[in-house]
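Number of protein chains: 2
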Amino acid sequence: MTSATSPTSAASATSAASAAEPVLDSYRRAAIIGGGVIGVSWAGLFLARGIDVVVSDPREDIEDLVRAGLAGITPALAGLGLPTGNLTEGLSFEADLATAVAEADVVQENGPERLELKREIWRAIEEAAPAHALLATSTSSIPASAIATAMRQPARLVVGHPFNPPHLVPLVEIVPGERTSEATVERARAFYAALGKKPQVLRKEVPGFVANRLQSALFRECVHLVAEGVVTERELDEIVTSSLGPRWAVGGPFRTFHLGGGPGGLPHFIEHLGRAMETTMWPALGDPTFDDATVATLVEQANEAFGTGTVEELAAERDRAQIALMRALGETPDSGGTRA
Amino acid sequence: MTSATSPTSAASATSAASAAEPVLDSYRRAAIIGGGVIGVSWAGLFLARGIDVVVSDPREDIEDLVRAGLAGITPALAGLGLPTGNLTEGLSFEADLATAVAEADVVQENGPERLELKREIWRAIEEAAPAHALLATSTSSIPASAIATAMRQPARLVVGHPFNPPHLVPLVEIVPGERTSEATVERARAFYAALGKKPQVLRKEVPGFVANRLQSALFRECVHLVAEGVVTERELDEIVTSSLGPRWAVGGPFRTFHLGGGPGGLPHFIEHLGRAMETTMWPALGDPTFDDATVATLVEQANEAFGTGTVEELAAERDRAQIALMRALGETPDSGGTRA
Numbered sequence: 001m002t003s004a005t006s007p008t009s010a011a012s013a014t015s016a017a018s019a020a021e022p023v024l025d026s027y028r029r030a031a032i033i034g035g036g037v038i039g040v041s042w043a044g045l046f047l048a049r050g051i052d053v054v055v056s057d058p059r060e061d062i063e064d065l066v067r068a069g070l071a072g073i074t075p076a077l078a079g080l081g082l083p084t085g086n087l088t089e090g091l092s093f094e095a096d097l098a099t100a101v102a103e104a105d106v107v108q109e110n111g112p113e114r115l116e117l118k119r120e121i122w123r124a125i126e127e128a129a130p131a132h133a134l135l136a137t138s139t140s141s142i143p144a145s146a147i148a149t150a151m152r153q154p155a156r157l158v159v160g161h162p163f164n165p166p167h168l169v170p171l172v173e174i175v176p177g178e179r180t181s182e183a184t185v186e187r188a189r190a191f192y193a194a195l196g197k198k199p200q201v202l203r204k205e206v207p208g209f210v211a212n213r214l215q216s217a218l219f220r221e222c223v224h225l226v227a228e229g230v231v232t233e234r235e236l237d238e239i240v241t242s243s244l245g246p247r248w249a250v251g252g253p254f255r256t257f258h259l260g261g262g263p264g265g266l267p268h269f270i271e272h273l274g275r276a277m278e279t280t281m282w283p284a285l286g287d288p289t290f291d292d293a294t295v296a297t298l299v300e301q302a303n304e305a306f307g308t309g310t311v312e313e314l315a316a317e318r319d320r321a322q323i324a325l326m327r328a329l330g331e332t333p334d335s336g337g338t339r340a
Numbered sequence: 001m002t003s004a005t006s007p008t009s010a011a012s013a014t015s016a017a018s019a020a021e022p023v024l025d026s027y028r029r030a031a032i033i034g035g036g037v038i039g040v041s042w043a044g045l046f047l048a049r050g051i052d053v054v055v056s057d058p059r060e061d062i063e064d065l066v067r068a069g070l071a072g073i074t075p076a077l078a079g080l081g082l083p084t085g086n087l088t089e090g091l092s093f094e095a096d097l098a099t100a101v102a103e104a105d106v107v108q109e110n111g112p113e114r115l116e117l118k119r120e121i122w123r124a125i126e127e128a129a130p131a132h133a134l135l136a137t138s139t140s141s142i143p144a145s146a147i148a149t150a151m152r153q154p155a156r157l158v159v160g161h162p163f164n165p166p167h168l169v170p171l172v173e174i175v176p177g178e179r180t181s182e183a184t185v186e187r188a189r190a191f192y193a194a195l196g197k198k199p200q201v202l203r204k205e206v207p208g209f210v211a212n213r214l215q216s217a218l219f220r221e222c223v224h225l226v227a228e229g230v231v232t233e234r235e236l237d238e239i240v241t242s243s244l245g246p247r248w249a250v251g252g253p254f255r256t257f258h259l260g261g262g263p264g265g266l267p268h269f270i271e272h273l274g275r276a277m278e279t280t281m282w283p284a285l286g287d288p289t290f291d292d293a294t295v296a297t298l299v300e301q302a303n304e305a306f307g308t309g310t311v312e313e314l315a316a317e318r319d320r321a322q323i324a325l326m327r328a329l330g331e332t333p334d335s336g337g338t339r340a
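As they're listed, the protein sequences go chains A and B. If you use the working numbering, the first sequence corresponds to residues 1 to 340, in order. If you use the working numbering, the second sequence corresponds to residues 1 to 340, in order.
Hint data in this document are derived by calculation from the structure and do not stem from the laboratory. Heads up, some of the hints might be wrong.
[Claimed, not checked] Derived SDA-like pairs: lysine to any residue, alpha-carbon spacing no greater than 25 Å straight-line:
| no. | chain 1 | residue 1 | chain 2 | residue 2 |
| --- | --- | --- | --- | --- |
| 1 | B | K204 | A | R119 |
| 2 | B | K204 | A | L273 |
| 3 | A | K204 | B | A296 |
| 4 | B | K204 | B | A150 |
| 5 | B | K204 | A | A284 |
| 6 | A | K204 | A | R119 |
[To be verified] For each label pair, taking beta carbons as the anchor points, the in silico distance ranges come out as:
| no. | chain 1 | residue 1 | chain 2 | residue 2 | range |
| --- | --- | --- | --- | --- | --- |
| 7 | B | R28 | A | A276 | 35 to 41 Å |
| 8 | A | R320 | B | G229 | 36 to 42 Å |
| 9 | A | E228 | B | D61 | 29 to 35 Å |
| 10 | A | A146 | B | A68 | 54 to 60 Å |
| 11 | A | E313 | B | E120 | 52 to 58 Å |
| 12 | B | R28 | A | G309 | 58 to 64 Å |
| 13 | A | G309 | B | D25 | 51 to 57 Å |
[Claimed, not checked] Sample of chain A residues lacking proximity to chain B, with all beta carbon distances greater than 10 Å (derived):
| no. | residue |
| --- | --- |
| 14 | S26 |
| 15 | R29 |
| 16 | I62 |
| 17 | P75 |
| 18 | A128 |
| 19 | A131 |
| 20 | P143 |
| 21 | G208 |
| 22 | G229 |
| 23 | A321 |
Glycine is no exception: its CB is placed at the ideal position from the N, C-alpha and C atoms.
Take the sequences, apply the hints, and build the full model.
Here is the structure:
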């Protein structure tokens with residue numbers, strides 16, 4: 001990808017979303033490669049949007065796993081206002097990769113994060129998928145450029161990295177490789193927007209993309225503060241949910257500091273608080289490691305803070321709260337593309 | 001403060017909140033020292049909770065500034081369900097510091113962030129305030145230990161650092177100095193909880209306390225990614241509001257990764273994704289500076305992203321969204337302590 005996306009392109013994503021039906025008319029059949037947690041989540045969303053889904057995964061028990069997974073996320077899909085009446089009507093399974101993608105309008109691959117395996121998978125997909133199919137990988141850590149070296153048409157592959165779980169969290173990071181075409185990027189953007197997601201096209205391939213880099217930067221300081229005994233995990237979580245979390249749900253870090261700068265906005269903020277941050281705060285941030293003592297502290301406090309419920313119960317609780325939040329902010333997807 | 005606060009102390013904060021009336025019965029009169037943005041916000045919250053407020057600030061136009069400020073935040077107070085009918089009935093002004101605090105049950109100081117000035121102010125407050133008054137400073141950067149060296153009774157001073165704006169964002173970081181008494185800490189916790197805030201007691205005095213350190217860690221990477229041209233400010237903000245923000249509004253970073261670890265929870269997360277984060281992501285994070293080129297980029301993009309509204313308009317929009325979010329999560333304060 002050579003040309004940078006213009007800052008106004010967010011507007012086109014929005015208009016694409018409101019024209020969801022026509023876009024999704026071109027996507028009647030999806031191949032989900034890899035039926036783990038991410039694959040199941042994509043499958044559920046695609047199905048709820050009226051797209052037939054064939055799941056390809058070599059595991060013998062894949063059908064049971066996927067059906068159980070879909071049953072698990074159905075309440076969240078329904079909570080988002082999506083139709084879930086006959087969710088699995090369009091679901092099928094096909095272990096053979098070439099057969100699975102042979103009639104796909106979109107291929108969303110969620111295989112293990114191993115470069116050689118991804119190259120092998122994508123070489124096979126490219127051979128067998130229709131020429132019109134949109135080809136996307138959910139990878140969180142492998143650049144499309146590296147995978148596409150194995151492909152005859154590297155222009156066709158793009159990263160479509162969801163934030164977990166994909167059926168619920170709006171963000172999809174679209175990360176073009178060096179040779180991904182502009183047309184592929186725009187098709188991916190329109191497709192994810194039509195699904196009700198909030199796609200964001202990155203202008204450069206950087207390790208971890210954007211959301212995971214930011215998450216990792218904040219988490220490093222979290223680990224430091226707990227390891228140093230400034231707060232417990234539970235206390236730190238409560239600090240975040242009662243300040244930064246709701247703030248950043250409503251406006252991002254730049255908008256927040258623009259408003260924190262008073263009438264002078266972000267420029268004023270940078271000159272006053274920003275420079276103080278650079279000279280006194282950034283150098284004071286921690287540089288923790290997961291050594292034995294730190295891991296022991298983290299595990300002990302996690303048991304104390306979260307030991308009262310299963311991960312499944314806690315996740316369901318989180319998902320209900322997240323849907324309530326999205327509803328309050330008017331950010332649940334419309335329920336176009338019904339299947340029920 | 002010698003003894004660490006137990007992890008179960010969150011429960012006592014909650015029960016203090018539900019017993020708001022009795023606690024606030026002991027706080028009939030507050031002295032707000034410094035009538036800037038933070039002072040006005042505290043004043044509005046105190047007044048809405050039925051506490052008389054005397055504002056002490058040497059500026060000649062302070063009364064106009066505070067009254068205008070209170071009018072500005074009244075919609076947000078009302079949005080939180082607090083009574084605002086006769087908000088300024090209990091409001092008065094007193095430039096003389098000693099007179100202002102002479103009958104105060106609580107003193108909340110919001111002066112400039114200069115150590116010598118704070119020492120001078122607190123020496124004067126200590127001389128003039130009643131022996132029972134709760135003494136708190138809103139400072140975001142000066143430890144109570146450093147201010148209290150000038151006081152005869154350092155056990156009485158505690159940091160009560162709000163997250164801006166104090167009337168709206170639930171968090172108050174209570175940061176005891178080396179000589180702050182346990183009794184002072186517990187009184188502060190009960191007082192802020194009774195106001196409907198979510199106080200959190202830190203176990204150690206560290207520069208920037210907790211929320212601002214976390215914010216600063218994430219913002220460093222934001223500046224890096226924009227300076228490197230990976231995303232624009234607008235795009236980065238949209239990435240955060242569509243992923244990390246809502247996630248952290250619902251559960252903090254540790255809970256999020258506990259749930260991200262699958263059935264194995266946080267221990268599983270650390271062993272697999274955590275160690276990968278340590279070895280590949282943390283070393284790759286940026287180390288930006290506010291040099292001329294970076295500042296020019298940040299200012300240009302801020303004008304492009306936020307130039308369409310005044311800071312005041314954008315802040316009002318943000319506050320409305322934040323209140324809707326808090327309401328959806330059941331986190332607005334009850335409307336006890338009515339004045340109307």
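| query | Hint by hint, which ones does this structure get wrong, listed from lowest number up? | reply | 1, 9, 12, 13, 21, 22 and 23
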